[in-house]
Amino acid sequence: MDELLDNAPCGFLAFADDGAILAVNATLLGWLGRDACDLLGRHVEALFQPGGRIFYQTHFFPLLRLHGRAEEIYLSLLGAGGEDVPVLVNAARRERGGSQVNDCVFVPMRQRRRFEDEILSAKREAEEANRAKDALIEELSTPVITVWQGVLLGPVVGSLGRERADLMTAALLRAVVARQARVVILDVTGARRMDADAVNHLTRAAAAVRLMGAECVLTGIGADVARTLVRAGTELTGTQVRRTLADGLALAMRFISTNGHL
Amino acid sequence: MPEDILRRNNVKVSGRGPRAIVFAHGFGCDQNMWRFVAPAFGDDFRVVLFDYVGSGKSDLRAFDPRKYSTLEGYAGDVLDVCRALRLSGVVFVGHSVSGVIGLLASIKEPGLFERLILVGPSPCYVNDPPDYRGGFERADIEGLLDLMDKNYIGWASFLAPVVTKNPERPELARELEESFCSTDPRVARRFAETTFLSDNRGDLPRARVRSLIMQCSEDAIAPAEVGEYLSRNLPGSTFRQLEATGHCPHMSHPEETVRVIKEYLEAEGIS
Numbered sequence: 001m002d003e004l005l006d007n008a009p010c011g012f013l014a015f016a017d018d019g020a021i022l023a024v025n026a027t028l029l030g031w032l033g034r035d036a037c038d039l040l041g042r043h044v045e046a047l048f049q050p051g052g053r054i055f056y057q058t059h060f061f062p063l064l065r066l067h068g069r070a071e072e073i074y075l076s077l078l079g080a081g082g083e084d085v086p087v088l089v090n091a092a093r094r095e096r097g098g099s100q101v102n103d104c105v106f107v108p109m110r111q112r113r114r115f116e117d118e119i120l121s122a123k124r125e126a127e128e129a130n131r132a133k134d135a136l137i138e139e140l141s142t143p144v145i146t147v148w149q150g151v152l153l154g155p156v157v158g159s160l161g162r163e164r165a166d167l168m169t170a171a172l173l174r175a176v177v178a179r180q181a182r183v184v185i186l187d188v189t190g191a192r193r194m195d196a197d198a199v200n201h202l203t204r205a206a207a208a209v210r211l212m213g214a215e216c217v218l219t220g221i222g223a224d225v226a227r228t229l230v231r232a233g234t235e236l237t238g239t240q241v242r243r244t245l246a247d248g249l250a251l252a253m254r255f256i257s258t259n260g261h262l
Numbered sequence: 001m002p003e004d005i006l007r008r009n010n011v012k013v014s015g016r017g018p019r020a021i022v023f024a025h026g027f028g029c030d031q032n033m034w035r036f037v038a039p040a041f042g043d044d045f046r047v048v049l050f051d052y053v054g055s056g057k058s059d060l061r062a063f064d065p066r067k068y069s070t071l072e073g074y075a076g077d078v079l080d081v082c083r084a085l086r087l088s089g090v091v092f093v094g095h096s097v098s099g100v101i102g103l104l105a106s107i108k109e110p111g112l113f114e115r116l117i118l119v120g121p122s123p124c125y126v127n128d129p130p131d132y133r134g135g136f137e138r139a140d141i142e143g144l145l146d147l148m149d150k151n152y153i154g155w156a157s158f159l160a161p162v163v164t165k166n167p168e169r170p171e172l173a174r175e176l177e178e179s180f181c182s183t184d185p186r187v188a189r190r191f192a193e194t195t196f197l198s199d200n201r202g203d204l205p206r207a208r209v210r211s212l213i214m215q216c217s218e219d220a221i222a223p224a225e226v227g228e229y230l231s232r233n234l235p236g237s238t239f240r241q242l243e244a245t246g247h248c249p250h251m252s253h254p255e256e257t258v259r260v261i262k263e264y265l266e267a268e269g270i271s
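Just so you know, the sequences run in chain order A and B.
The numbering used here numbers the first residue of the first sequence as 1 and each following residue consecutively.
The numbering used here numbers the first residue of the second sequence as 1 and each following residue consecutively.
Wrong hints could be hidden among the right ones.
What the hints assert, rightly or not - Below, computed lysine to any residue pairings styled on SDA-like, alpha-carbon distance capped at 20 Å:
{"#": "1", "chain 1": "B", "residue 1": "Lys-67", "chain 2": "A", "residue 2": "Glu-163"}
{"#": "2", "chain 1": "A", "residue 1": "Lys-123", "chain 2": "B", "residue 2": "Lys-67"}
{"#": "3", "chain 1": "B", "residue 1": "Lys-108", "chain 2": "B", "residue 2": "Ala-84"}
{"#": "4", "chain 1": "B", "residue 1": "Lys-262", "chain 2": "B", "residue 2": "Tyr-152"}
{"#": "5", "chain 1": "A", "residue 1": "Lys-123", "chain 2": "B", "residue 2": "Asp-149"}
{"#": "6", "chain 1": "B", "residue 1": "Lys-57", "chain 2": "A", "residue 2": "Glu-163"}
Unchecked claim - Calculated Cβ distances over 12 Å to all of chain B for the following chain A residues:
{"#": "7", "residue": "Arg-65"}
{"#": "8", "residue": "Ala-171"}
{"#": "9", "residue": "Arg-210"}
Said to hold, decoys possible - The following residues of chain B were derived to be distant from chain A, with all beta-carbon distances above 10 Å:
{"#": "10", "residue": "Arg-35"}
{"#": "11", "residue": "Pro-39"}
{"#": "12", "residue": "Lys-57"}
{"#": "13", "residue": "Gly-76"}
{"#": "14", "residue": "Leu-87"}
{"#": "15", "residue": "Leu-112"}
{"#": "16", "residue": "Asp-131"}
{"#": "17", "residue": "Glu-137"}
{"#": "18", "residue": "Asp-146"}
{"#": "19", "residue": "Leu-147"}
{"#": "20", "residue": "Lys-150"}
{"#": "21", "residue": "Asn-200"}
{"#": "22", "residue": "Arg-240"}
{"#": "23", "residue": "Ala-244"}
{"#": "24", "residue": "Ser-252"}
{"#": "25", "residue": "Ile-270"}
Derived by calculation from the structure, the hints in this document are not laboratory data.
Bear in mind that the values here come from a model prediction, so they are computed numbers and not experimental data.
Backbone N, C-alpha and C fix where the C-beta goes; we use that ideal spot for every residue, glycine too.
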């Protein structure tokens, strides 16, 4: 090997497609605490930690083989004492002596790794916080309250998108079965912006409740929801509608006390 | 509906022949991995390539983390693709984790498959002492996930500028479109966990379709012991030791890979 390359301030290694190490410079050998005769002819995987071997086989080599080059790939080499030697790798495939050779240049990145570890752990914490928030919102967004024996109230607060409507319907149906409900009141007093889609979700939820054998009462319908219903030509057959939650409750109580006549 | 599946899994059909051969990629890549092998079957087979949901150019919106937290979820993709194309008597070629995915699909619908070709398969990557050595400890898998995380930090910034900064070199953008990996880190991470933390040893006796195990030499991911374990415990399997080294013989030694598959199919009277 050229003396310049041998002692250049970067690691250099060449390997064949079958993984056999063809050349390695003194700088890299120094970092890894190895002799050239240790490595030449061995599979390049010998340089990596076990997780790194998977990464090499599933990402690094396919990328190099398919695209002819790989840039800024983060790898972790196996130091002499078993410690991590974090490096960035650039690699290119070239023809030399009639066969394909993969040339790699390594730059150590101990400092940067510390920085990236911090970024990653911050990212993971943020993801965890997000997950917790999502779970909380999901819980808060689909409350089902038993207001009387056999009477459930599902208040819709905020906006009613597809995902939330699905969650709400699922929670309602579970509650109808578990609490043996006979009437479900869907109250949209606190709902924001009930557009045609939201009304559609609502009527589907009501239909599902009825299929489970419970009556459904829709309450808290304001002027804009009424307009949307008319414009959308939505059929509310089978669903009772009351203007206020109080009216809906009264209707539900009558239903329970008369044993099923609305 | 079939069109939806074909789009969802980025299904590509080529070649001519009465029988279909379906190539399934492993973890970390997409159907491009078969670039050096699949064309060799085009004269005799209908060649089907696809990407699992979450990989390659599949529809990322179809990725359901719950469904794809088990290999059965991925087996569902295989069955969906076969049904969408109305295939039967399929020769299924699966690399790495796709070997087990194909096996699970064939257990669910044995009638759909004629033979399974398992390239570097493993029913369980993690050691289970004292009797089973998959090759890895759980901590090693954590090491892999860590490397993936770190590279995704890099790739996001490394992939983006290529498109914008090289308008004079449109082939670069095209190459990116054919980007070889799933670029969504959460999806890739989930696939890694599902792949390397699954244990499907219990499914092996349920195999109903004959299979070929292609064992590479010096394969760190599916070592020789795993291949031997499979050949002992997978009913109807034939074992072939490859000269190819590493875990990706279809990329590193495509000629041998093609030859061994063809020899097996010929010996089994399938063409």
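Consistency of the hints with the structure:
1. Taking the CA atoms of Lys-67 (chain B) and Glu-163 (chain A), the gap is near 17 Å; set against the 20 Å cutoff, the hint holds.
2. For the proposed pair Lys-123 (chain A) and Lys-67 (chain B), the alpha carbon gap of about 25 Å is over 20 Å, so the pair is violated.
3. For the hint pairing Lys-108 (chain B) with Ala-84 (chain B), the CA-to-CA distance comes to about 16 Å; that is within 20 Å, so the pair holds.
4. The suggested pairing of Lys-262 (chain B) with Tyr-152 (chain B) is violated, with an alpha-carbon distance near 38 Å, which exceeds 20 Å.
5. For the proposed pair Lys-123 (chain A) and Asp-149 (chain B), the alpha carbon gap of about 10 Å is at most 20 Å, so the pair holds.
6. Taken as a hint, the Lys-57 (chain B) and Glu-163 (chain A) pair is broken in the structure, with Cα atoms around 25 Å apart against an allowance of 20 Å.
7. Under the 12 Å C-beta cut-off, the non-interface status given to Arg-65 (chain A) relative to chain B is violated; the minimum distance is some 5 Å.
8. Against chain B, the non-interface label of Ala-171 (chain A) holds: every CB pair exceeds 12 Å, the least being about 18 Å.
9. No Cβ of chain B approaches the Cβ of Arg-210 (chain A) within 12 Å, the least distance being about 29 Å, so the stated non-interface status holds.
10. For Arg-35 (chain B), the non-interface assignment is contradicted: its Cβ lies about 7 Å from the closest Cβ of chain A, within the 10 Å cut-off.
11. No beta-carbon of chain A is positioned within 10 Å of the beta-carbon of Pro-39 (chain B); the least distance is around 15 Å.
12. Every CB of chain A is more than 10 Å from the CB of Lys-57 (chain B) (nearest about 14 Å), matching its label as outside the interface.
13. At roughly 21 Å, the least C-beta separation between Gly-76 (chain B) and chain A is larger than 10 Å, which holds for a residue marked as non-interface.
14. Here Leu-87 (chain B) stays apart from chain A, with its beta-carbon at least about 27 Å from theirs, past the 10 Å limit.
15. Its beta-carbon lying about 27 Å from the closest one in chain A, Leu-112 (chain B) satisfies the requirement of being farther than 10 Å from that chain.
16. With a least CB separation of 20 Å from chain A, Asp-131 (chain B) remains clear of the 10 Å interface cut-off, as annotated.
17. Distance check for Glu-137 (chain B) against chain A: the nearest CB is about 7 Å away, which does not clear 10 Å, and the non-interface claim fails.
18. A beta-carbon of chain A comes within 10 Å of the beta-carbon of Asp-146 (chain B); the shortest separation is about 7 Å.
19. Some Cβ of chain A comes within 10 Å of the Cβ of Leu-147 (chain B); the nearest lies about 5 Å off, and the non-interface call is violated.
20. Consistency note on Lys-150 (chain B): stated as away from chain A, yet its beta-carbon is not over 10 Å from all of that chain's, at 4 Å minimum.
21. Look at Asn-200 (chain B): its CB is around 18 Å from the nearest CB on chain A, clear of 10 Å, so calling it non-interface holds up.
22. Separation of Arg-240 (chain B) from chain A is adequate, the least Cβ-Cβ distance of about 18 Å exceeding the 10 Å criterion.
23. Interface exclusion of Ala-244 (chain B) from chain A breaks down, the closest Cβ pair being 7 Å apart, not more than 10 Å.
24. Residue placement check: Ser-252 (chain B) does not keep its beta carbon more than 10 Å from all beta carbons of chain A (closest about 5 Å).
25. With a least CB separation of 29 Å from chain A, Ile-270 (chain B) remains clear of the 10 Å interface cut-off, as annotated.
Going down the numbered hints, you'll see the structure goes against 2, 4, 6, 7, 10, 17, 18, 19, 20, 23, 24, while the others check out.
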